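The listed protein sequences correspond, in order, to chains Z and Y. 1 is the number of the first residue of the first sequence in full-length UniProt numbering; add one for each residue after it. 1 is the number of the first residue of the second sequence in full-length UniProt numbering; add one for each residue after it.
It is possible that some hints are incorrect.
What the hints assert, rightly or not - Stretches of chain Y that chain Z covers, calculated by requiring three or more beta carbons in the stretch to come under 8 Å of a beta carbon on chain Z: (1) 69-80; (2) 101-109; (3) 112-118.
Said to hold, decoys possible - With a Cα cut of at most 27 Å, we get these calculated BS3-like pairs of lysine-lysine: (4) Z/K70 - Y/K77; (5) Z/K66 - Y/K42; (6) Z/K53 - Y/K10; (7) Z/K20 - Z/K53; (8) Y/K68 - Z/K70.
Derived from the structure by calculation, the hints contain no laboratory data. Quick caveat, the model's predicted, so the values are computed rather than measured. Beta carbons: idealized from backbone N, C-alpha and C, even for Gly.
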Amino acid sequence: MADEALFLLLHNEMVAGVYKSAEQGEVENGRCITKLENMGFRVGQGLIERFTKDTARFKDELDIMKFICKDFWTTVFKKQIDNLRTNHQGIYVLQDNKFRLLTQMSAGKQYLEHASKANFR
Amino acid sequence: MAVCIAVIAKENYPLYIRSTPMENELKFHYMVHTSLDVVDEKISAMGKALVDQRELYLGLLYPTEDYKVYGYVTNSKVKFVMVVDSSNTALRDNEIRSMFRKLHNSYTDVMCNPFYNPGDRIQSRVFDNMVTSMMIQVC
Chain Z
1 MADEALFLLL HNEMVAGVYK SAEQGEVENG RCITKLENMG FRVGQGLIER
51 FTKDTARFKD ELDIMKFICK DFWTTVFKKQ IDNLRTNHQG IYVLQDNKFR
101 LLTQMSAGKQ YLEHASKANF R
Chain Y
1 MAVCIAVIAK ENYPLYIRST PMENELKFHY MVHTSLDVVD EKISAMGKAL
51 VDQRELYLGL LYPTEDYKVY GYVTNSKVKF VMVVDSSNTA LRDNEIRSMF
101 RKLHNSYTDV MCNPFYNPGD RIQSRVFDNM VTSMMIQVC
């Protein structure tokens with residue numbers, strides 16, 4: 001699908017763009033990650049509104065987590081979450097062994113630090 | 001033909017509230033506020049299961065002598081409350097459901113608007129027009 005490649009390129013450019021604008025401006029480095037996180041959060045909110053429009057009401061937290069891991073992840077990344085762990089006290093760890101937005105990056109050292117920035121989106 | 005429509009955020013403050021201009025608006029604001037308690041009661045998993053637990057449409061919240069109040073909750077815990085005139089007996093449950101459906105669709109469109117910050121009052125013209133089309137036409 002051609003649109004997947006387009007989105008990957010846009011995504012990478014966005015990360016680079018935010019960091020470049022930070023170099024020219026006066027902000028400290030930490031703000032870039034927050035900016036990217038907030039962007040991702042906002043996009044996620046819109047997506048969730050659309051997807052949950054027709055699904056049944058969630059009864060409890062477990063329902064919500066199941067929805068995220070199965071339906072939501074499948075719709076956005078075309079696969080399910082590989083591992084879900086919890087400490088039963090409100091913390092959930094989702095593990096994806098083949099994160100779609102990073103698979104195209106080669107495993108050289110040069111790219112690994114940038115991969116962590118892309119991760120936050 | 002609703003008399004008052006309100007969109008309430010997850011933290012129970014109104015994102016959008018509009019009533020027919022003829023009436024005393026404060027009365028409707030108060031009614032919507034009190035109906036929030038009923039909504040919370042229906043959402044929480046009370047053992048009675050009066051409402052189908054998996055549905056977004058909550059149904060008739062409470063009837064007063066002049067008005068009936070209907071509720072609907074989305075999965076992101078945003079509530080829609082609609083007050084209709086009791087004298088309008090022609091309104092059936094299915095129509096109310098379809099009105100809430102339209103509300104939900106418009107609300108989703110507002111959420112996806114990148115210029116809209118969640119938590120602000122809804123100021124979209126399209127949303128306004130849709131709500132106007134659902135409100136009663138009083139000359």
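Verification of the supplied hints:
Note: the region 69-80 of chain Y has 4 residues with beta-carbon separation from chain Z under 8 Å; the three-residue rule is met and the coverage holds. Remark: the region 101-109 of chain Y is confirmed as covered by chain Z, as 4 of its residues place a Cβ nearer than 8 Å to a Cβ of that chain, reaching the required three. With a cut-off of 8 Å between beta carbons, the region 112-118 of chain Y has 3 residues touching chain Z; three or more are needed, and the interface restraint holds. Distance restraint check for Z/K70 and Y/K77: the Cα-Cα separation of roughly 21 Å lies within the 27 Å cut-off, and the hinted pair is therefore satisfied.
For a cut-off of 27 Å, the pair hint linking Z/K66 to Y/K42 stands: about 23 Å separates their Cα positions. With a CA separation close to 16 Å, the supplied pair Z/K53 and Y/K10 stays within the 27 Å bound. For the given pair, Z/K20 sits about 38 Å from Z/K53 by alpha-carbon distance, which is inconsistent with the 27 Å threshold. With a CA separation close to 39 Å, the supplied pair Y/K68 and Z/K70 exceeds the 27 Å bound.
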